[in-house]
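Could you put the whole structure together from the sequences, leaning on the hints where they help?
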Amino acid sequence: MRLELALVSYSRTLIAALLLALVNIASTANAFETRATGAYVVDVTTGTLLMEKNADVPLPPASMSKLMTLNMLFEALKDGRVTMDTTFAVSTRAKNMGGSTMFLDETDRPTVKDLIRGIIVLSGNDACVVVAEGLAGTEEAFARLMNDRAVDLGMENSTFANASGWPDPNQRMSMKDLGILAERLIVEFPEYYGFFGETEFGFDGRSPDNRFNRNPLLKLGIGADGLKTGHTSEAGYGLVGSAVQGKRRVVFVITGLTSEKERAEEAERIVNWAFRQFVMKNYAPAGEKLADAKVWMGNETTVGLVLSEDLNLLVPALVQGEIKGEVVYDGPLEAPIAEGQEVGELVLNLPDMAEMRVPLVAEQSIEGGGVLPRFRTAFAILFQRYIGEALGLSL
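According to mature numbering (1 follows the signal peptide of the UniProt record, and there is no 0), the sequence shown holds residues -31 to -1, 1 to 364 in order.
Note that these hints are calculated values from the structure, not bench results. None of the hints are false.
Straight-line distance between alpha carbons at most 25 Å, and here's what the computed SDA-like set of lysine to any residue pairs gives: (1) Lys250 - Phe1; (2) Lys22 - Ile191; (3) Lys188 - Pro177; (4) Lys263 - Gly337; (5) Lys216 - Glu257; (6) Lys22 - Ala286; (7) Lys250 - Glu314; (8) Lys258 - Asn268; (9) Lys82 - Arg183; (10) Lys188 - Lys216.
FRET-style restraints, in silico, Cβ to Cβ: (11) Pro138 - Gly49: 32 to 38 Å; (12) Gly49 - Gly106: 18 to 24 Å; (13) Ser334 - Thr56: 51 to 57 Å.
Heads up, the beta-carbon is just placed ideally off N, CA and C, and yes, glycines get one too.
Below is the structure:
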């Protein structure tokens, strides 16, 4: 695939118009209509938003918010504050939790591993309270930590009042925030992610008839490997799901379905649509130069801007079209510049979709120049800015 560059220079920013043989993914994506009241579908491999519906609206998340409790626990594991064999006490409050549980008793001392499986497979409200009290002393204190962490992670439309997703006016998450959280769990904690694919678990042999994972996709053979269901009368039926096929991973969030059956059907429909309607293509390899940026105060006057990673983008399988992108940097760049240093971005603006940004790095190192090179580049830049532009010239 050949890339055509038309360069336009500005006083502080250089923009290169980049024409790619792509499709207006948004128009194709919008053709998919979901029965969910809220939805968010993203191709994690390419960072492409495929579909959204009320994605930024804070909604009751039900047990899907247990993913935030798991995130806090996974962080504690990674930081060394706990291990898989660490045990926690079970309080009366935890034991008396209603809804779905892992049937803990106050005499139990479940391990962190038990609690992870109890939360993921059994959706144990009691397990969430045990984790909250074990890490923060009280569930209220843990909820405050969850809120602080949500801000750190860029989850702008989420608030937490408890660890389990128990109905509360202050327990709200947007579909986009749940998608952000799901992607984080996949990318940042691969050593723990396998728990999400477990289909059954029974703590100490208790309740053998209630030990199965409610995720309807895990046994369908479509690459699904997570993450969490949710249901309350207020929220309806929801699912944060993920599936892998070939080199692609898709994460999706749906909520507001009317039954387990409708949730299962809609989830399978979304996965099939996401993988069948789009194919991933490589448009440029890592290291390909997309533009030259002006440099001053160095021994060279320009530096190449190259891709730091392969440019893989999604294209609808049956449709062809074109979109535009831009190479942007804040210039002129000041030397010294190190090879591989991030100095710009490739910005892809897809109509009605989230903006995509790909880092661009310096093709080679540029050393700081002596007095004469510095004077020459400074004069050239000033001439272009104040004289060349007035005369319609370009250097």
